[in-house]
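Q: Residue strings, one per chain:
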Amino acid sequence: MAQTLGRLAEAVGGTLQNADPECVITGVATLQHAGAGDIGFLANAGYRKYLQDSRASAVILSPDDAAGYPGAAIVSSNPYSSYARAAALIFPAAPALQGVHASASVAADSTVDASAWIGPQCVVEAGAEIQAGVQLAAGCFIGASSVIGANSVLSANVVICHDVSIGERVKVAAGAVIGADGFGLANEDGRWINVPQLGSVRIGNDVDIGANTTIDRGALEDTVLEEGVRLDNQIQVAHNVHIGAHTAIAGCVGISGSAKIGRHCMIGGGSGIVGHLEITDHVIITGMTMVTKSIDKPGVYSSGVPAQENDTWNRNYARFRQLDKLARKILSIEKLFAAGRQPEDR
Amino acid sequence: MAQTLGRLAEAVGGTLQNADPECVITGVATLQHAGAGDIGFLANAGYRKYLQDSRASAVILSPDDAAGYPGAAIVSSNPYSSYARAAALIFPAAPALQGVHASASVAADSTVDASAWIGPQCVVEAGAEIQAGVQLAAGCFIGASSVIGANSVLSANVVICHDVSIGERVKVAAGAVIGADGFGLANEDGRWINVPQLGSVRIGNDVDIGANTTIDRGALEDTVLEEGVRLDNQIQVAHNVHIGAHTAIAGCVGISGSAKIGRHCMIGGGSGIVGHLEITDHVIITGMTMVTKSIDKPGVYSSGVPAQENDTWNRNYARFRQLDKLARKILSIEKLFAAGRQPEDR
Amino acid sequence: MAQTLGRLAEAVGGTLQNADPECVITGVATLQHAGAGDIGFLANAGYRKYLQDSRASAVILSPDDAAGYPGAAIVSSNPYSSYARAAALIFPAAPALQGVHASASVAADSTVDASAWIGPQCVVEAGAEIQAGVQLAAGCFIGASSVIGANSVLSANVVICHDVSIGERVKVAAGAVIGADGFGLANEDGRWINVPQLGSVRIGNDVDIGANTTIDRGALEDTVLEEGVRLDNQIQVAHNVHIGAHTAIAGCVGISGSAKIGRHCMIGGGSGIVGHLEITDHVIITGMTMVTKSIDKPGVYSSGVPAQENDTWNRNYARFRQLDKLARKILSIEKLFAAGRQPEDR
Chain Y
5 MAQTLGRLAE AVGGTLQNAD PECVITGVAT LQHAGAGDIG FLANAGYRKY LQDSRASAVI
65 LSPDDAAGYP GAAIVSSNPY SSYARAAALI FPAAPALQGV HASASVAADS TVDASAWIGP
125 QCVVEAGAEI QAGVQLAAGC FIGASSVIGA NSVLSANVVI CHDVSIGERV KVAAGAVIGA
185 DGFGLANEDG RWINVPQLGS VRIGNDVDIG ANTTIDRGAL EDTVLEEGVR LDNQIQVAHN
245 VHIGAHTAIA GCVGISGSAK IGRHCMIGGG SGIVGHLEIT DHVIITGMTM VTKSIDKPGV
305 YSSGVPAQEN DTWNRNYARF RQLDKLARKI LSIEKLFAAG RQPEDR
Chain A
5 MAQTLGRLAE AVGGTLQNAD PECVITGVAT LQHAGAGDIG FLANAGYRKY LQDSRASAVI
65 LSPDDAAGYP GAAIVSSNPY SSYARAAALI FPAAPALQGV HASASVAADS TVDASAWIGP
125 QCVVEAGAEI QAGVQLAAGC FIGASSVIGA NSVLSANVVI CHDVSIGERV KVAAGAVIGA
185 DGFGLANEDG RWINVPQLGS VRIGNDVDIG ANTTIDRGAL EDTVLEEGVR LDNQIQVAHN
245 VHIGAHTAIA GCVGISGSAK IGRHCMIGGG SGIVGHLEIT DHVIITGMTM VTKSIDKPGV
305 YSSGVPAQEN DTWNRNYARF RQLDKLARKI LSIEKLFAAG RQPEDR
Chain G
5 MAQTLGRLAE AVGGTLQNAD PECVITGVAT LQHAGAGDIG FLANAGYRKY LQDSRASAVI
65 LSPDDAAGYP GAAIVSSNPY SSYARAAALI FPAAPALQGV HASASVAADS TVDASAWIGP
125 QCVVEAGAEI QAGVQLAAGC FIGASSVIGA NSVLSANVVI CHDVSIGERV KVAAGAVIGA
185 DGFGLANEDG RWINVPQLGS VRIGNDVDIG ANTTIDRGAL EDTVLEEGVR LDNQIQVAHN
245 VHIGAHTAIA GCVGISGSAK IGRHCMIGGG SGIVGHLEIT DHVIITGMTM VTKSIDKPGV
305 YSSGVPAQEN DTWNRNYARF RQLDKLARKI LSIEKLFAAG RQPEDR
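Protein chains in written order, with the working numbering: chain Y, 5 to 350; chain A, 5 to 350; chain G, 5 to 350.
Where hints are given, some of them may not hold.
One copy or any two copies: either way a pair holds, since identical chains are not told apart in the list.
What the hints assert, rightly or not - Straight-line alpha carbon distances no greater than 27 angstroms define the calculated BS3-like cross-link-like pairs of lysine-lysine that follow:
| no. | residue 1 | residue 2 |
| --- | --- | --- |
| 1 | Lys339 | Lys329 |
| 2 | Lys339 | Lys175 |
| 3 | Lys301 | Lys175 |
| 4 | Lys329 | Lys301 |
| 5 | Lys264 | Lys53 |
| 6 | Lys301 | Lys53 |
| 7 | Lys53 | Lys297 |
| 8 | Lys53 | Lys329 |
| 9 | Lys329 | Lys264 |
| 10 | Lys339 | Lys297 |
| 11 | Lys333 | Lys175 |
| 12 | Lys53 | Lys339 |
| 13 | Lys175 | Lys297 |
No lab work stands behind these hints, which were simulated from the structure alone.
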């Protein structure tokens, strides 16, 4: 949907520089690949080199990058979010559908708002409530007595188990499973018996959940994601985990049972969080890190091990296997030094 | 379903202490949140502090914790499994359904026991056998000639590929895929050709499989899970893996081809098991560990790296990159000491 | 489908040794378990010990292994690929189906070739194109305007989102999701807003994609897998990743946004690739490695940490936490030695 620069600047809260407010923008592109009619943006210093030669009709820039820039620009204190808002205006989401596809299977005693859409092959079980404007793509399953909040959008083949509560404007990507039984086991003479998982899952408003991510229901109380949380794909959230508002978690992270993660945290891909610990607000965990203890101080934490050439790695790791012994040698040498002695004096 | 304390004590194999056997229990709860009518339990020393003030109508306790406890208790040598059994009595599983939903697609030459339930949008292919009491939730796919053993329960959107054998009382959570082709590749002048995956998967009785977990079929022989195995969510089990009875594996574990894991093992979340190795019985692998060699001695094994503050981590890892060189320095200094020499003597 | 040895040798490009070309082969098996009528193979030196006693009717061997072998053999310079080709002849894929199952939901303005098969409960949306010979197993979803190339095979419950392009002879295992929105977020005063994901996914010819693997659509340009790529199960491919031709990636790998991986690479299970980096052709990454920087030299790279007994591991890791301090001690001792001094001289 074409937009004028003037309309875009106003909508994203930026100001025009060297720009005709009536100039029509029809697309978005990277600085390198933009052409006439496109708006670009500069949010990462690594791409600054492409600015001067970009053929974009306009560029969204920070005040610093805009200073002295001779081309048309929208100046914004947050170019990346301004770009996101501009792109959403130029490429609005597909219009919402309404109704129930003939192939869907909807229980008689469920509640489906007339403005919601139940796609082909969907299943809505007894007592479920599908609120206004909800969009269920094909093949979704909504278990008994679950509630899908207004204007939430579920992609294809999403599974929401029974008694789960999903907030408003929640987005769930394809293949995600919310509300499966937690991994609660008691051992009885070497055999496992299952501990009934009697809690549920509560997802706050404006949460996004990635493809094939799994969020288990609680054992006694609920698993909770507060508002605005962002989960990438293939994340595993175990029973009774609590994730604070506006925390973002990258792909392939595993979070063990009853871990409590604060607000405004960022967790890098492939990380693992041990159960029954607490991470305070504003903590950043870098990729492939294992968190084994509570973290009560905001900051950046790491244990992901960067790659080396294999033979160097093997040599270093061989020494690591003996690191405690090596350390004892050092301390013993140091002690000898401190005593002014040499080994033959012993 | 309300239960008297007397009935619960008998069912879980415990004894009453300070308790009225006619007292009616209608719920379960943690010690902190329990109220009148609830039964609680103490299985983790970390929660002992909540015992004295708990308002639970009764608590399941070990003999040690029960000693001197003035409230109503069921005394059990295994409070956690007793709790699991009590909870299952108070909150029994949903009653089994029977029949075939009108929207399901069931091949004419498949066998579906009259006491089984085939949910909406399910597909049962030719030659498949669905035994007595099986419950297929919505959207399940049962491939040609597969067998689902009596009283097994598959949640929504589970995929069982062709010729797979599932035991009795098996639970499969939503989105799991059992019997996809293994990752068998032969390289021919730089291009991969697929090695036909001609084996299958055999799942024993009383196995539980988590949401979005994948278990590949064997290349020539079968991938096997023995009875009582517990797999959490998002586990990847490659072709020809063999998992011994009563082993429990936490989420996000990857097991490479032809690995053989013993009985009564426990494998922590995010761990990886290299292929073509063997792990004996009663081995515990802690979280995010990589097992690269066979383990022939029961015990606990680890290589998961705990997080540090990022700047400390970076400093330590920078030294690790040089660890072999550092180790050589230590050994050379040690040698000089042993010889009673100092460097300038060289 | 029974084959004569002569036909097999010709088909796999091998030569017969001590063999009757009219001998009929009806099965394939490992050397240990083969019986009359089976063909075996030896591609891994670890199994050489089983060769002499094997009861296979014939064995596929390298020239070295065939030298002096008294039994019937097909001699091949690449026994494993020859085996793969032989097995595919003896056990051909199930014959292709044609038509549209009555329970499928196919949009009126989609294009489905008459030779394709749309299985039960599938959904094909508006504008999608299903080319000749395509096989969609049950429950697949093909989003609006996506193209599935000729003779591609999708297993049950695969999700292809809108506007995705899948090449010819592509195999997608059950539960995979291709084309979900990438994890593009802009932060605005502590809240995340979504960056529209306007690119798509392009999958080349002859690619295989594993069960429950996820491949996100690009933000502005496309996520691309070139021809012949092999992805195992539960892999996460983020937006704008580019994977070069004939690269093979094992299970549970996570690849962050805009990473570019070369051709003919092999990436071990559980590895993580950081975003916005480039890996050249012919790179091998061993299991559970984290790649944090671009790799411009072919070779083998590692950082997966092998398990140790837990108490040894804990002792070594405790020293690692202090490694920078230990290293400083070493360097300071070394300096003292070099100066010919002892600590008390300071």
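Q: Does each hint hold? Answer for all of them.
A: Status of the hints after comparison with the structure:
1. Lys339 with Lys329: both (15 angstroms within a copy, 15 angstroms between copies)
2. Lys339 with Lys175: neither (62 angstroms within a copy, 61 angstroms between copies)
3. Lys301 with Lys175: neither (31 angstroms within a copy, 41 angstroms between copies)
4. Lys329 with Lys301: between (33 angstroms within a copy, 23 angstroms between copies)
5. Lys264 with Lys53: between (42 angstroms within a copy, 20 angstroms between copies)
6. Lys301 with Lys53: between (37 angstroms within a copy, 26 angstroms between copies)
7. Lys53 with Lys297: between (43 angstroms within a copy, 21 angstroms between copies)
8. Lys53 with Lys329: Neither, since 51 angstroms and 40 angstroms both go past 27 angstroms.
9. Lys329 with Lys264: neither (37 angstroms within a copy, 33 angstroms between copies)
10. Lys339 with Lys297: So Lys339 and Lys297 fail the 27 angstroms test inside a copy (33 angstroms) and across (38 angstroms) alike.
11. Lys333 with Lys175: neither (57 angstroms within a copy, 54 angstroms between copies)
12. Lys53 with Lys339: So Lys53 and Lys339 fail the 27 angstroms test inside a copy (55 angstroms) and across (45 angstroms) alike.
13. Lys175 with Lys297: Answer is neither: 31 angstroms inside a copy and 33 angstroms across each miss the 27 angstroms cutoff.
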